[in-house]
Amino acid sequence: MDNKKRQDDYLALSEYSGHSPSEKHADFLIFSKDGEHYFGMLDKNGDVGLRSEGYSKEASRDNGIESVIKNRVIEERYNITEARNHFFVSLKAGNNQEIAKSGVFKSKAEAEAYVAFLLGKSKSFGRVAAKSASGASAAGAAAGAAVSGRIISVKRNQIGETRNVISETRNQIGETRNLIGENRRQIGETRNLINTNEKVTKYAAAGAAAASLGAMSFAGMSQISTGGPKKVEKVAAAKVGGWWPLLLFLLPLLLFIGCPPVVVPPAAIAWKAIPIVAPVTKCDCEALTHPIFKIPNEAPPKSTFVLGRAPEYGNSHGLTTVQFYNKLKKAYDGSADERRFLDGIFKQMGYDNGFKDATPELFTEVTIPQGINANLGTKVTHKTVYRKMETKGKDREAFRIKALNYCDFHFMKTCGNHMYYRENCMDPS
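When you line the sequence shown up against our numbering, it's residues 33 to 461, in that order.
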């Protein structure tokens, strides 16, 4: 079960043997090499069954051991991967980050048998026993296990999509409430304007009527009868200095001053007030469910200084935002795996139809901050690792994708690898 080459940041399996055990956990061997700190977990046969990547600090390695102890008894935490016709057993934490990995197995059945051995479902494990598991019975068991694995995977995907729909529905409800509050406020302002205009019109009309009466004589008005208006033969202008026209003009004003309109104080109508809710402009990071968007609440075990060693979509420095969008679309159209991967990301960002809702206008070119803690993609299999981004120069350039829920996402230009960090998170207070 030994490796011939390093896988990712793992050493060959043989390099984990022969070291001193941890003082706290006797079934873990610990050692250091080239400034990195490693551990190897012994199985019940006394062999190194799972191995770690290198940690920059001993404390981080010890935390990794505790995480393995916590998760190795949970069957769902194990995953079997294939590379160059060889199979590996991976152990993942609750946030879907890989925390340990086995050596090489020649078949998937052998890897599955080893998982059962680690979980205590079988009392022994050996290559001969694993290879002898042939015939109709063994084939049926393997097929059943494969079908069960696919069903579980489908169920998990459905649960994740349901959570995304619930999160999006909550966002839409919040936006609808904001619109209702804004409309109510505008209605209130319109009513105030109408009331003000009615008052102004009322008193302006009264003033105009008084002025008209002052310009006419009672003699002229006597020509009006109940039979309708008759021709006014003579209109005598009011004598300058007369007191009664002035009295008629001031009468409405005196009435207004003596009987002012009743104004209801704000406190009397406070029960009708509807609070105005500010529109949401930040990402509700805690509501995200996709593993790529789940940033652990702890310091990363390692730092990334250089990109390009494990490319995902390849070097994209020479591409415009439109060209990079077309690059993703070509991958999306050509592979069911790519569709699942990209749809999962875009649905988490609030797009109901996943990547189908994407347009080149959502993509912009940015430079990410140095020293951020981020989930970083690696390899064409879209694996995600938790790293501190200490890259410089061009390795900090990226394409940012604008999300409907403000949870923006990135692809690094140097390697085309996905990257997410808490950029627009709400203040938890």
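Keep in mind the hints are simulated off the structure, nothing from the lab. Given the structure is predicted, the values throughout are model-derived calculations rather than measurements. Glycine included, every Cβ here is placed at the ideal spot set by N, Cα and C. Any given hint could be a false lead.
Only pairs whose alpha carbons sit at most 27 Å apart, straight line, appear in this in silico DSSO-like list of lysine-lysine [stated by the list, open to error]:
1. K362 with K415
2. K334 with K359
3. K89 with K138
Ranges of calculated distance between the beta carbons of each label pair, as one might list FRET restraints [what the hints assert, rightly or not]:
4. E108 with P401: 34 to 44 Å
5. D59 with K411: 23 to 33 Å
6. G220 with K426: 50 to 60 Å
7. S92 with G340: 36 to 46 Å
8. S139 with N456: 30 to 40 Å
9. P392 with D59: 46 to 56 Å
10. K426 with D41: 19 to 29 Å
11. T113 with L151: 34 to 44 Å
12. G425 with K140: 24 to 34 Å
13. Q402 with D41: 13 to 23 Å
14. I205 with G340: 42 to 52 Å
15. S88 with N358: 30 to 40 Å
16. Q402 with S52: 30 to 40 Å
Review point. Does the alpha-carbon distance linking K334 and K359 stay inside the 27 Å limit?
Key: violated, 30 Å
Practice item. May I ask you to test the hint 46 to 56 Å on the CB atoms belonging to P392 and D59? Key: holds, 53 Å
Check your understanding: Taking the beta carbons of G220 and K426, is their distance inside 50 to 60 Å?
Key -> This hint holds: roughly 54 Å between Cβ atoms.
Check your understanding: Per the hint of 19 to 29 Å, is the separation of the Cβ atoms of K426 and D41 within bounds?
Key -> holds, 23 Å
Check your understanding: Do S88 and N358 keep their Cβ atoms within the hinted range of 30 to 40 Å?
Key -> Holds, since S88 and N358 (Cβ atoms, about 38 Å apart) stay within the stated range.
Practice item. Evaluate the given range 42 to 52 Å for the C-beta pair formed by I205 and G340. Key: Because 44 Å falls inside the window, the suggested range holds.
Practice item. Kindly confirm whether 34 to 44 Å is satisfied by the beta carbon distance between E108 and P401. Key: holds, 35 Å
Practice item. With respect to the beta-carbon atoms only, verify the hint that S139 and N456 lie 30 to 40 Å apart. Key: violated, 46 Å
**Study point:** Range hint 36 to 46 Å (beta carbons of S92 and G340) holds or violated
**Key:** violated, 25 Å
Check your understanding: Is the Cα-Cα distance between K362 and K415 27 Å or less?
Key -> At roughly 20 Å apart (the allowed maximum being 27 Å), K415 and K362 satisfy the hint.
**Study point:** Verdict for D59, K411 (Cβ pair) under range 23 to 33 Å
**Key:** holds, 30 Å
Point to revise | Distance restraint hint 24 to 34 Å, applied to the beta-carbon atoms of G425 and K140 | key: About 42 Å separates the Cβ atoms of G425 and K140, which means 24 to 34 Å is violated.
Of the hints listed earlier, those the structure fails to meet are numbers 2, 3, 7, 8, 11, 12, in rising order.
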